[in-house]
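Here the protein sequences come in this chain order: A and B. The opening residue of the first sequence carries number 39 in the working numbering; numbering runs sequentially from there. The opening residue of the second sequence carries number -9 in the working numbering; numbering runs sequentially from there.
Some hints could be false.
Said to hold, decoys possible - 27 Å max Cα-Cα, derived BS3-like pairs, lysine-lysine:
#	chain 1	residue 1	chain 2	residue 2
1	A	Lys177	A	Lys213
2	A	Lys177	B	Lys12
3	B	Lys52	B	Lys0
4	B	Lys(-1)	A	Lys177
5	B	Lys52	B	Lys67
6	B	Lys57	B	Lys(-1)
7	B	Lys(-1)	B	Lys12
8	B	Lys52	B	Lys12
9	B	Lys57	A	Lys177
10	A	Lys149	B	Lys(-1)
11	B	Lys67	A	Lys177
12	B	Lys(-1)	B	Lys67
13	B	Lys12	B	Lys0
14	B	Lys0	B	Lys67
15	B	Lys(-1)	A	Lys91
16	B	Lys67	B	Lys12
17	B	Lys57	B	Lys0
18	B	Lys67	B	Lys57
Derived from the structure by calculation, the hints contain no laboratory data.
For reference, the chains in residue letters:
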Amino acid sequence: MRPHEQIERRKMFDLTGMTALVTGASGGIGSAIAQALAAQGARLAVSGSNAAKLDAFRAGLGGDHVALPCDLSDGAAVDALVPQAVEALGRLDILVNNAGVTRDNLAMRMKDEEWDQVIRVNLEAAFRLARAAARPMMKQRFGRIVSITSVVGATGNPGQANYAASKAGLVGMSKALAQELASRGITVNCVAPGFIRSAMTEVLPEAQKSALTARIPAGDLGSGEDIGAAVVYLASREAGYVTGQTLHVNGGMAML
Amino acid sequence: MSDTADRVKKIVVENLGVEAEKVTEDASFIDDLGADSLDIVELVMAFEEEFGVEIPDDAAEKITTVKDAITYIDEHKD
């Protein structure tokens, strides 16, 4: 037997003993992210705006996870979320800024509230959570902050000036935080999904669906699991030298 | 030397990884002890935890030497 065969190779991307806070966890992509992290052994605090839906999701996960309902448009509630998670979990290793809203409209018709609401939930809440999470992570000399952005943050999309701005904002914010926190063992990255199968895409007419997939070299929409796998990688110890990056998960529809 | 001074110096030695002799009361965190702005944030967090005081940002900005920290903490701890 050769020496390397005697040593059992450690399973990669094992998150046993780590804890994570995931926002928007009862949604399509968020639930897949939460399930992926839990499957690798992380203990979770799942957050969302609908308390009943969130608790049902938490119960479905099994294990020893906690649900922390939060309205991300309420600044004070957002500031309280990380301390609540640390209290419930004992430590915080991973923050996943997943929650996001859309208020689509052509720019010329876009109301101030539509702009404000999207920026507040998608970008400002993510900043508040990252700022709060940096505290315990700095003390631990370890942390992983992963924000879910979007292909449209890089490419733009008509009708989504607010959404595209919020998603591009996450990328810039993450790069700045990555530089501030790298020396403390904290990495800050983004995952940018392309078109992902969801309740929203299911109801699209067949013609529109095939027009969509025609733009995707992989020939199909992505799944929540595709995004969950990307988040698991960036959250893992193995990705410790990867920071300030955006991992595009889009079947090749935009190569950036 | 006061109890506060001892505890502050211990935290500075631990956080900045400098030799205890260098941590005089006149020593500047940035100019003499090689701290960067993130180190200062961490030091302030450590002081808050050790002494149970809250050091707001505008006060933290004025704490540039070991002595500044000791004075602030002595004035504000219970």
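So, going through the hints one by one against the coordinates:
As the CA atoms of Lys177 (chain A) and Lys213 (chain A) are separated by approximately 21 Å, the hinted pair is consistent with the 27 Å bound. Taking the CA atoms of Lys177 (chain A) and Lys12 (chain B), the gap is about 24 Å. The hint holds against a cut of 27 Å. Simply put, Lys52 (chain B) and Lys0 (chain B) have alpha-carbon atoms about 20 Å apart, close enough for the 27 Å limit, and the pair holds. Restraint check for Lys(-1) (chain B) and Lys177 (chain A): satisfied, since their Cα atoms lie roughly 19 Å apart, inside the 27 Å limit.
Restraint check: the Cα-Cα separation between Lys52 (chain B) and Lys67 (chain B) comes to about 17 Å, which is no more than 27 Å; the hinted pair holds. Our distance criterion of 27 Å between C-alpha atoms is met by Lys57 (chain B) and Lys(-1) (chain B), whose separation comes to about 10 Å. Among the hinted pairs, Lys(-1) (chain B) with Lys12 (chain B) is consistent with the structure: their alpha-carbon atoms are about 10 Å apart, no more than 27 Å. The suggested pairing of Lys52 (chain B) with Lys12 (chain B) holds, with an alpha-carbon distance near 21 Å, which does not exceed 27 Å.
Taken as a hint, the Lys57 (chain B) and Lys177 (chain A) pair is honoured in the structure, with Cα atoms around 24 Å apart against an allowance of 27 Å. Taken as a hint, the Lys149 (chain A) and Lys(-1) (chain B) pair is broken in the structure, with Cα atoms around 55 Å apart against an allowance of 27 Å. A distance of roughly 22 Å separates the Cα atoms of Lys67 (chain B) and Lys177 (chain A); the hinted pair therefore holds under the 27 Å criterion. For a cut-off of 27 Å, the pair hint linking Lys(-1) (chain B) to Lys67 (chain B) stands: about 17 Å separates their Cα positions.
Between Lys12 (chain B) and Lys0 (chain B) the alpha-carbon distance is near 12 Å, which keeps this suggested pair within the 27 Å criterion. Among the hinted pairs, Lys0 (chain B) with Lys67 (chain B) is consistent with the structure: their alpha-carbon atoms are about 18 Å apart, no more than 27 Å. Under the criterion of a C-alpha separation no larger than 27 Å, the hint pairing Lys(-1) (chain B) with Lys91 (chain A) is inconsistent with the structure, at around 51 Å. A distance of roughly 26 Å separates the Cα atoms of Lys67 (chain B) and Lys12 (chain B); the hinted pair therefore holds under the 27 Å criterion.
As the CA atoms of Lys57 (chain B) and Lys0 (chain B) are separated by approximately 13 Å, the hinted pair is consistent with the 27 Å bound. The suggested pairing of Lys67 (chain B) with Lys57 (chain B) holds, with an alpha-carbon distance near 15 Å, which does not exceed 27 Å.
Violation of the numbered hints given earlier is confined to hints 10 and 15; the remaining hints are satisfied by the structure.
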